[in-house]
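Undergrad: Residue numbers (the working numbering), protein chains in the order written: chain A, 1 to 257; chain B, 258 to 526; chain C, 527 to 872.
Please note that a few of the clues may not be correct.
Derived lysine-lysine pairs resembling DSS-like cross-links, with alpha carbons at most 25 Å apart [to be verified]:
#	chain 1	residue 1	chain 2	residue 2
1	B	350	C	615
2	B	515	C	615
3	B	350	C	656
4	C	615	B	512
5	C	615	C	678
6	C	613	B	515
7	C	656	B	512
Just a few of them, taken from the derived set where beta-carbon distance is under 10 Å, the chain C residues facing chain B [said to hold, decoys possible]:
#	residue
8	531
9	535
10	538
11	593
12	597
13	599
14	615
15	617
16	622
17	626
18	629
19	630
20	636
21	639
22	646
23	647
To be clear, the hints were calculated from the coordinates, so they are not data collected in a lab. Every residue gets a Cβ at the ideal spot worked out from N, C-alpha and C, and that includes glycine.
Residues per chain are reported as follows:
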Amino acid sequence: MLFYALSRASFNRNLQYRASHLLHNVASALFGFIYLSIWTGIGETKDLGIYGLSGLVSYVALNQCLLWVTSFTSNGLGIPQLVRTGAIATELARPVHLFYQLMCREWGQIAYQAMYKSLPIYIVYLFAVPLRLPALPAAAASAAAVVCAAYLSICVHYLIGAAALWTTESSWFQWLNYAFSTLLSGFLIPIEWLPGWLGWISRWSFYPSLSYIPSRIYLGYDGIAAIYPSLIWSVVLTFACLAVTGFMRRRVEVQGG
Amino acid sequence: MNRAEWSRFMTMYRILIRSSFRSRMQYTFNFWVGTAAAAMINAVEFALLAVVLHRFGTIQGWSIAESGYLYAVITLSKAMYRSFASDVHHLEKYLVSGDLDGLLLRPAPVLLILMTQNFSPRFGETLLGASMLAISLGAIFEDDPAIWTAIPLTVLAIASGAVLMFGIGLLTASSGFWLTRIDALQVLTEDAARTAAQYPLTIYPGWLQGLLTGLIPVAFINYMPALYIIRGTHGAWTLGLSVAVSGAMLLLSLKLWKFGLSRYQSTGS
Amino acid sequence: MIEAIGLTKEFRVPDPDASAKRRGLFSRRSIPKQAVSDISFTIPEGEFAGFIGPNGAGKSTTIKMLSGILHPTQGEVRLGGINPHRKRKEAARTLGVLFGQRTQLWWDLPLRDSYDILAAMYGLTPERKKDRIEELENLLRLSDFMDTPVRKLSLGQRMRGDLAAAMLHEPSILILDEPTIGLDAASKRDIRSLLRDINERMRTTILLTTHDMDDIEQLCGRVLVISKGKLDYDGGIAQLRARIGLPAVMEVTFRQAESAAAAAGELQSLGDSATEAAGGLHGPEPLSPAAAGIRLKSLEDRTLVLECDLKTSSSVQVLRELEKYGELEDIRMREPEFEDVVHKLY
Chain A
1 MLFYALSRAS
11 FNRNLQYRAS
21 HLLHNVASAL
31 FGFIYLSIWT
41 GIGETKDLGI
51 YGLSGLVSYV
61 ALNQCLLWVT
71 SFTSNGLGIP
81 QLVRTGAIAT
91 ELARPVHLFY
101 QLMCREWGQI
111 AYQAMYKSLP
121 IYIVYLFAVP
131 LRLPALPAAA
141 ASAAAVVCAA
151 YLSICVHYLI
161 GAAALWTTES
171 SWFQWLNYAF
181 STLLSGFLIP
191 IEWLPGWLGW
201 ISRWSFYPSL
211 SYIPSRIYLG
221 YDGIAAIYPS
231 LIWSVVLTFA
241 CLAVTGFMRR
251 RVEVQGG
Chain B
258 MNRAEWSRFM
268 TMYRILIRSS
278 FRSRMQYTFN
288 FWVGTAAAAM
298 INAVEFALLA
308 VVLHRFGTIQ
318 GWSIAESGYL
328 YAVITLSKAM
338 YRSFASDVHH
348 LEKYLVSGDL
358 DGLLLRPAPV
368 LLILMTQNFS
378 PRFGETLLGA
388 SMLAISLGAI
398 FEDDPAIWTA
408 IPLTVLAIAS
418 GAVLMFGIGL
428 LTASSGFWLT
438 RIDALQVLTE
448 DAARTAAQYP
458 LTIYPGWLQG
468 LLTGLIPVAF
478 INYMPALYII
488 RGTHGAWTLG
498 LSVAVSGAML
508 LLSLKLWKFG
518 LSRYQSTGS
Chain C
527 MIEAIGLTKE
537 FRVPDPDASA
547 KRRGLFSRRS
557 IPKQAVSDIS
567 FTIPEGEFAG
577 FIGPNGAGKS
587 TTIKMLSGIL
597 HPTQGEVRLG
607 GINPHRKRKE
617 AARTLGVLFG
627 QRTQLWWDLP
637 LRDSYDILAA
647 MYGLTPERKK
657 DRIEELENLL
667 RLSDFMDTPV
677 RKLSLGQRMR
687 GDLAAAMLHE
697 PSILILDEPT
707 IGLDAASKRD
717 IRSLLRDINE
727 RMRTTILLTT
737 HDMDDIEQLC
747 GRVLVISKGK
757 LDYDGGIAQL
767 RARIGLPAVM
777 EVTFRQAESA
787 AAAAGELQSL
797 GDSATEAAGG
807 LHGPEPLSPA
817 AAGIRLKSLE
827 DRTLVLECDL
837 KTSSSVQVLR
847 ELEKYGELED
857 IRMREPEFED
867 VVHKLY
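Chain A extracted, bound-state conformation (with noise of 0.2 Å):
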């Protein structure tokens, strides 16, 4: 099946790497540490509110586990690069829509990335933190929620990398949505803390479904209907995806790749 064949290709290109990757992890979990810390730091003394101390410290280490899933997405998912070498004509011609492709190869590499990346950190900090472990019940519906975060995360980086036929700059979008992502996510600090109108945009958009949504619901702060607004947006966006697909087929067509 497709599906299986593509994905399958992308995760063991990557195995090749796993020697290099596990010193990247090392890196990765002390990030993680560094941000936590600045939770320690604002210390025990100030009301932290439903989570606490130990809660938040979790939070953050969840999240920082969870980037390799569902924010450290390929750049475009590869098509600023199809588009310098002309291949983009190509690969829009096949019988198989672009969107599924590239979103499979993708899963192939999320695959990967969670198997190698995600999981060893998690492991180090359910120890080293410690991150609490969820109740059975919780970790399925964030399970789901993940999972859903991740394809979030596809869809925005194909919409990304389809600017790439249009501006030879599209590397200012993915600076953009990872600045937004940082700070609209609920990486550091859960959204409701966020100042008045920074939690505004962040509750129209949908990046709290990226960190946010799947934390809470891990740690038990939120039943599995949080997850709504991210099924909400999962639908929009693989929309605005076959929608633009249509759009780049015609500048294809018209620019010749």
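Starting from the structure of chain A, add chains B and C where the hints point.
TA: Structure of chains B and C alone, referenced to chain A:
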């Protein structure tokens, strides 16, 4: 290295800088958008802390203005280091492609030739750092005339910090003569260490503070000087010590570089 | 002048048998590998020498030692009397190097700026720099793209730009590593004539390494062949051909097609029995001496293309043999292809 070599190097570098600017300015739109993007990316890491401090006031006794000062100093030090020694950081590229050989054919020290291969001005970071610095100092000192001594001392700290980052960077790059692939190591010694030093050091557990002072001494870039310059809790010796540590790191890294280069010349990579 | 005296280079490589060997207290992890063994030669001032060898023969190792990039395990190099391993920076002033596969120019900057930076690097006075750039601009026809960023230049243009960069500081020695690689035929001719010019006019000592034998044939008076780390041959091209003793190629045209066919048929069957004789223990009677050195390559209409081993039979003898089949109208002799000479060497 003698005077003639230095003067030739300075002339070379001057021409390189002028030329790099000219060729970049040809694409003005890209240049300004790139600058804005870089400034934004760099601001985000501080915004994270700022949002927390907006709600909780201080962190380990450091206010948002003081934290901003720490952040600005290290951002400016990094901008200076990466502008002038861009290709030292990218040594791996030269080792893998064999382009380092071409540098060995020049009538000047290889390190200087390496530095003149590329000048990569970090405008966005510099603009952001300078603005943050101005705002922070303004907020910390308000109307206190002591601000006028703080400014030159800060400039000294930034310069010393740039040299320290250069030393750490050169030390890491030199290990490339043995390891070739140093990308992962650089993420640790440069990116992770720098990210940690962006925030007040006392938020970390003792062992990490020790690491950041004794092993990868990034604490001497901004934290130690700040104790004297803006907090006044410690004497001028913290600034003096920071400069000394930068010097020591520079000498150590130059030694390792020389050793690594001579190994490269006998084993051929 | 380039002097190589007893150049040897030994590398330590991981022992391929490491796992198979029994784990003793001192298990070998690395073994020495002789890349270059005792190579000596002198290239006098003004000479244009070629340096060839199969891949892995130690050619690039030798070039790296000659230019000062790599230190020899044993032996010495002198460039214009200076040892590049003891005095790297001083030796660098006498040497200009062109890497065909890489550029030494600044990629994002206009070509002109690369020369500005290099001029500062070598400490050229402003007047000398201006004169020199003008000279090179004219010689190498760079004027059209002096202000173009190097990344936008075609391969031929970039190669010329790199050549000028290598010569900017008036080195007495030029080392060229595959300077014609990837170029189209016209650009190759171009570069070759420029190099010839440089060698003749400025008396620059030039050492050229290449895989393109036309480069050697058209430019070099002397060729050094390296194989398995040792210098296999050091001398002129003509002598190289003679030493190999490859057969010359003859094209013989008969007056009438039937004569050509008959001659061809005879040679063919002789050739077959010769092969048999070579392979078998009991063969037919030995062949006539003249026919022994002739091999038929092809027959077209009235023309036979033959390979003749001139050590076995002279060309006159060959012609007398062929005349037996009919009247000859035209004869043409060709030297063996240099490619084949070299191929035979490797």
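Undergrad: Of the hints given before, which are not true for this structure?
TA: Of the numbered hints given earlier, those the structure breaks are 3, 5, 7, 8, 17, listed in rising order.
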